[in-house]
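Based on these hints, arrange chains B, C and D on the given structure of chain A.
4 protein chains.
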Amino acid sequence: MNKKKFLRETIKHIDFKSFDSTSIIDAMRDMSFTSRDTAVATDILNRMIKDKGCTIFLTLAGSTSAGGCMQVYVDMVKNKMVDAIVATGASIVDMDFFEALGFKHYKGSSTANDKELRDHYIDRIYDTYIDEDELQVCDNTIKKIADELKPGAYSSREFIREMGLYLTKHSKKKDSLVQVCFENNVPIFCPAFTDSSAGFGLVKHQWDSPKKHITIDPVKDFMELTKIKMKAKTSGLFMIGGGVPKNFIQDTVICAEMLGVDVPMHQYAVQITVADPRDGACSSSTLKEASSWGKVETIYEQMVYAEATSVLPLITSYVYHKGDWKKRKFQEWSKYLDK
Amino acid sequence: MNKKKFLRETIKHIDFKSFDSTSIIDAMRDMSFTSRDTAVATDILNRMIKDKGCTIFLTLAGSTSAGGCMQVYVDMVKNKMVDAIVATGASIVDMDFFEALGFKHYKGSSTANDKELRDHYIDRIYDTYIDEDELQVCDNTIKKIADELKPGAYSSREFIREMGLYLTKHSKKKDSLVQVCFENNVPIFCPAFTDSSAGFGLVKHQWDSPKKHITIDPVKDFMELTKIKMKAKTSGLFMIGGGVPKNFIQDTVICAEMLGVDVPMHQYAVQITVADPRDGACSSSTLKEASSWGKVETIYEQMVYAEATSVLPLITSYVYHKGDWKKRKFQEWSKYLDK
Amino acid sequence: MNKKKFLRETIKHIDFKSFDSTSIIDAMRDMSFTSRDTAVATDILNRMIKDKGCTIFLTLAGSTSAGGCMQVYVDMVKNKMVDAIVATGASIVDMDFFEALGFKHYKGSSTANDKELRDHYIDRIYDTYIDEDELQVCDNTIKKIADELKPGAYSSREFIREMGLYLTKHSKKKDSLVQVCFENNVPIFCPAFTDSSAGFGLVKHQWDSPKKHITIDPVKDFMELTKIKMKAKTSGLFMIGGGVPKNFIQDTVICAEMLGVDVPMHQYAVQITVADPRDGACSSSTLKEASSWGKVETIYEQMVYAEATSVLPLITSYVYHKGDWKKRKFQEWSKYLDK
Amino acid sequence: MNKKKFLRETIKHIDFKSFDSTSIIDAMRDMSFTSRDTAVATDILNRMIKDKGCTIFLTLAGSTSAGGCMQVYVDMVKNKMVDAIVATGASIVDMDFFEALGFKHYKGSSTANDKELRDHYIDRIYDTYIDEDELQVCDNTIKKIADELKPGAYSSREFIREMGLYLTKHSKKKDSLVQVCFENNVPIFCPAFTDSSAGFGLVKHQWDSPKKHITIDPVKDFMELTKIKMKAKTSGLFMIGGGVPKNFIQDTVICAEMLGVDVPMHQYAVQITVADPRDGACSSSTLKEASSWGKVETIYEQMVYAEATSVLPLITSYVYHKGDWKKRKFQEWSKYLDK
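First to last, the protein sequences are chains A, B, C and D. In terms of this note's numbering, the first sequence opens at residue 1 and continues consecutively. In terms of this note's numbering, the second sequence opens at residue 1 and continues consecutively. In terms of this note's numbering, the third sequence opens at residue 1 and continues consecutively. In terms of this note's numbering, the fourth sequence opens at residue 1 and continues consecutively.
A hint or two may mislead.
The list treats identical chains as one, so a pair stands whether inside a single copy or across any two.
Unchecked claim - Using 20 Å as the maximum straight-line C-alpha spacing, the simulated PhoX-like pairs for lysine-lysine come out as follows:
1. 339 / 211
2. 115 / 174
3. 227 / 211
4. 212 / 326
Simulated from the structure, these hints should not be mistaken for lab results. For clarity, every value in this text was computed on a predicted model and none was experimentally measured.
Here chain A stands alone, though its shape is the one from the complex (with noise of 0.2 Å):
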């Protein structure tokens, strides 16, 4: 079997604007278990949204991006339903940047034989493939970009802000992420940036020039988005997954603390995840556990023990066309950032 046979079917990204899911939130509304947690989760979305003060924080961890959610998330961004992004690098570099480059996922099986797939440079999450040659291509991009930057220490936001420009003038596919945050000022943290694809790249950058390069700080990350938390006080977590970025932007309460400013509690908090609260790690922790670190307000909050590709599509639907977004502006938080 030759590499092109396992490659055959692209990953397409839902749109949410195609499909009305009204009817259906509406109902799983008077369900039980998973079907209201679901509804309830969009209820308090949607309730963010007409929040008019309320700052919106999306967080990404897992690999909704390469599953089908990528154009969800642009979506939201387009629409207004959120004003910073909090991700894992893989999500944002490995997945997003690389799509905009001209690259795709493709349906793979679970089952599939991995001494095969390695043997072809293909690389398997669950049930997708990669062609790690095109990853490659990604990492060498990355790099290209560190390179002609001015040496110093950057935030992961202000590199992605490089690569959404980067973007402007070579992207493939016009509707990613990066390039849509960029262009909307949306800022977007990868507090552990370099555990991805970006890392590739970055590593290479700093071996070639050992004396003048780069580097990632990780703490103007976390002052970056204290600062912005400070500054919008009403805030709400619409969360994937956990992982460290869940973690870092309900840290962002407490660091405030730390610097002296008083900032009230993430007022609305939304999580879909499949990790298992009973092993006490961050992922998995419910948002009652964070109230009682002080982060995060429990009138509204839900977790939903789901796989996001399963749900996410029908809340995002919901709040699409319920339309409350479109008195919202964008809140333009790089712009503040940048000054």
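Coordinates of chains B, C and D only, in the frame set by chain A:
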């Protein structure tokens, strides 16, 4: 807080005819993870429906009937998508028959104070409440039906048929699964029938008539179910949760073999579950594992790892609107068994 | 590859007497998460044992008996830690009775090629293999026992007692749970008895003798089990997995109430499970939820979220070496029921 | 209720030297499911230890250090079972360094009233409590260390080395992982270092010295870690939880390749996790999946699906008492990196 305050908002069962999930499922087919699994499962269900010789078994375990999916199962039967049902006693008696008698399930909280609920005689299923006083009416109705039957050993199917007959005269809600199945000759089997509200009623029945009473004969159930499989030959399984129903229907293939009749494995199989296959329990065992037992073919099989209330409405709405069921006719297995 | 190559290494059942987990459990008591839960569960089991009036019910669901814990249950009975058992049919017939007949379970692989296994008539339970030809001997032995019984309706307990009697004469492995319970008058109930290898044998029995045969009466099971609870008053549950056994034993409290006898809730309860409580199924429902139904007291209850083979040996070894069971005596509930 | 009442019982860390799990693990090897997986994982860990050329990476994610396993990791290092560590910031700073400063974790309840905890400045991790006032001392100590360093970009490893140096002078508890690793030249990497208590201290540091301050350079971390892999060649991974540490260490193989150095995949790999592989997240992805990426060999790999506190003490006690580590010597990778 008085009891009424807890039992204020009723669970309303979702109607898959009232919305059309076609475009959502079509989109999910090109995504990853649970969304794609959901689409594949949908396609397999529809394939069973299009295969004219195929008998479709619906199995029910868990509390989805209480949690808002009760009408889904009724509508599947009414629209000829199901030919026989294997279920837990609770699904059929405590939930479906219970609502047929005019009672309701209520929206509750998964973090309720259970002691307080107990004080009010309110039973909790995760985030759903039941009035225990009403459940006792249900128990007693079972007893009444048993009291009027001729003493002897009945299969659970035969007893549930009598429940259906009872409902044709006394039901407050006409559209119950028990009654609709009765009227369309769709047999319902509960291999662990007494592990439910029915158990209470039947124990009381035997307690009051220690000499002359009815018994439930689960061996007869197994024989009847196997007879259907032997006659049907081609079969598909649509399984909500695992438990005894899943095991029981799968075992009919082996049972037929034991009786000297060579039958094919179940040719189609879908299971929706949140269970974890790593503990070796049947509920969670994969359909591939079942194929080692000679129970299920692996060409058209799909596990969907999701809480059923969140994906079942999408799957069934798609199949409903696809309309292939229109060419099917009722197989009326009850008539065959009652001959 | 021939069949022998697959069936080479047998599962050996762990012997909790052969090592002493005391210091491990003592350490776990001061840790967090599953380790502490394990220690608390251990302490509750020991508390049941020390409470002299307390009847201890062991419930078994899942495949831990096949997976190396068979001797644990036998040794619990022999050392007077268990007074009655409620189990799935598979635990008792396909696993325990099966090994009593001289057969074995084998170490296998969870990623085996199931088609290949099927070709060799090898059944797989996750990573464990069974020789299906041997399982059919087990089915036929059940048939033989049934053939020799006086026609009529038997509780599963009564039938399993006959299996025990059979083993006293014919067993190849003396130390089976069925035989040891028979010899010590510990009743075993399988509320879904036919959902197992027993089902095959009993169907064949009825098929061959359509007029004069035995039936299994699960109503009688429920009544007998409730009688124990009514007489015992104080009771504790030690539950491996969930399923029908968990529900059935919990329901005895309600059943007694229905019969007009006021009994206390089960005062102690431990459950070891990997199930996820968020789907509303009974298997996974928390013991706090059960208290809303009036089934289980919440003072001494503990869920342990773990695959049982990993923690059960630690729990039972601790209790064994603690030695409080030495002051207990056999309650011999079988004698009470057979009167 | 005052704060003291909540913080009464401290978590005590298990000492794997104080008991001998040899006979338990030996028994588990012939069982099924998680018990056998645990034994296989133990054998693989011991195999890494016996392979003299092999560098062993320990990765830590989740809260096992808070939950009673802190001494396990310390003792692994002291007994030469670990050559380098990749961890979440929380494991190293909020938990280990925190206790080194003389503070404690406390036994709590997973069903606590989080609002009440919040009022007392008590942070909850599932069933474990932390005094937030003490955590702020920890934050400030980090700031103090940063304030005294020469401005510039440090890898997290370099900064943690300074923390170790600080502890040699100021620690209240001598046996911390940070100090023991410092003293034995075992490098610790936190690729998302600022996502922890360290983040607060470092933000304060930069806030107070906007012009001249230190930054953490995660690119440097990745390069240093890759240098170890390139030099070590043979390597094994012992992973507690998933998260960034798991991904980061696996990626060193790819990173080396990018730098033009051909290194073998990690030859040994064990992961203990409760995560569910079906959502496509890295934390939960199987090691077989990692082999498709060219990261991990599949000859000696084992996933153990368990909450780590329950099985880790058994695994490490076995390896400790086996004694093969006695023939190893400290690899002192810190010295190599500091050259």
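A quick look at each hint next to the structure:
no., hint, in the structure
1, 339 / 211, "between (29 Å within a copy, 17 Å between copies)"
2, 115 / 174, "neither (35 Å within a copy, 46 Å between copies)"
3, 227 / 211, "between (32 Å within a copy, 18 Å between copies)"
4, 212 / 326, "neither (46 Å within a copy, 44 Å between copies)"
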